[in-house]
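Please arrange chain B on chain A, whose structure you already have, making use of the hints.
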Amino acid sequence: AQSVAQPEDQVNVAEGNPLTVKCTYSVSGNPYLFWYVQYPNRGLQFLLKYITGDNLVKGSYGFEAEFNKSQTSFHLKKPSALVSDSALYFCAVRDAGSARQLTFGSGTQLTVLP
Amino acid sequence: DGGITQSPKYLFRKEGQNVTLSCEQNLNHDAMYWYRQDPGQGLRLIYYSQIVNDFQKGDIAEGYSVSREKKESFPLTVTSAQKNPTAFYLCASSIDRSLNYGYTFGSGTRLTVV
Chain A
1 AQSVAQPEDQ VNVAEGNPLT VKCTYSVSGN PYLFWYVQYP NRGLQFLLKY
51 ITGDNLVKGS YGFEAEFNKS QTSFHLKKPS ALVSDSALYF CAVRDAGSAR
101 QLTFGSGTQL TVLP
Chain B
1 DGGITQSPKY LFRKEGQNVT LSCEQNLNHD AMYWYRQDPG QGLRLIYYSQ
51 IVNDFQKGDI AEGYSVSREK KESFPLTVTS AQKNPTAFYL CASSIDRSLN
101 YGYTFGSGTR LTVV
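Chains A and B are the protein sequences, given in the same order.
1 is the number of the first residue of the first sequence in the working numbering; add one for each residue after it.
1 is the number of the first residue of the second sequence in the working numbering; add one for each residue after it.
If we strip away everything but chain A, and leave its shape as in the complex, we get (with noise of 0.2 Å):
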């Protein structure tokens, strides 16, 4: 079984500082991560991914995430926050070796404050 879990409902941060956004992840074998972005009553909206290589995933828009095997988890980042990055943002995780699907966490609400 595959699963992912987004331990903070909402973040708040000031804009021009750094962003964190947590995800942690369980799958049997290697994982593929993917981080989406959603604004309000659309779809959801590719910003990164991790297959395989550099730990460090560099995505749209100036976010980046790093993979960290050892403690099964994939951090959205941001050196300077924007207010025009508020919005929802989901981490999604397959297992290779098995899923034939993608599921996604519970999605934590960026507010970034002017």
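To be clear, the hints were calculated from the coordinates, so they are not data collected in a lab.
Worth double-checking, as some hints may not be accurate.
Keeping only pairs whose Cα atoms sit at most 30 Å apart, straight-line, the calculated DSS-like set for lysine-lysine is [what the hints assert, rightly or not]:
1) A:LYS22 - A:LYS69
2) B:LYS57 - B:LYS70
3) B:LYS71 - A:LYS49
4) A:LYS49 - A:LYS77
5) B:LYS57 - A:LYS49
6) B:LYS57 - B:LYS83
7) B:LYS14 - A:LYS49
8) B:LYS9 - B:LYS57
9) A:LYS58 - A:LYS22
Same frame as chain A, but now just chain B:
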């Protein structure tokens, strides 16, 4: 432009009525998925299809039905057996079953029972 089109954007259903949500893609993707989104619960998989004329139940398939007669189309019917259908429904596709590229999402349909 290539993408996934979901229609309608908003849908109202009376008690005991079946309704069908449309999902069409012109990306030539093999696999298609339906998720349900409720506040604080993330995305839950309803059905998925990896090839024409074949589909599989997800985690919450009860009260829903699908068909995959064409590669481009994956409609979802919400039947009267679904006791709590009010939610935001998202359709997604992936280029193939490997999920190396994750999903592309439609803009969603918000279904409300009146």
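- Hey, A:LYS22 versus A:LYS69, does the alpha-carbon distance stay inside 30 Å? holds, 14 Å
- Query: Taking 30 Å as the top limit, are the C-alpha atoms of B:LYS57 and B:LYS70 close enough?
  - Reply: holds, 18 Å
- Query: Quick one, are B:LYS57 and B:LYS83 close enough, alpha carbons at most 30 Å?
  - Reply: It holds: about 18 Å lies between the C-alpha atoms, which stays within 30 Å.
- CA of A:LYS49 to CA of A:LYS77, is that 30 Å or under? holds, 13 Å
- B:LYS14 and A:LYS49: Cα distance at most 30 Å? Roughly 41 Å separates the two Cα atoms, so the pair is violated.
- Message: Just to be careful, I want the Cα atoms of B:LYS57 and A:LYS49 compared with a cutoff of 30 Å; is the pair within it?
- Response: Given that 30 Å is the threshold and the Cα spacing comes to 26 Å, the pair holds.
- Query: Is it true that the CA of B:LYS9 sits at most 30 Å from the CA of B:LYS57?
  - Reply: Status holds; Cα separation ~24 Å.
- Query: Does A:LYS58 pair with A:LYS22 here, judged by a C-alpha cut-off of 30 Å?
  - Reply: holds, 16 Å
- CA of B:LYS71 to CA of A:LYS49, is that 30 Å or under? holds, 26 Å
Comparing the model with each earlier hint shows a violation of hint 7 alone; every other hint is respected.
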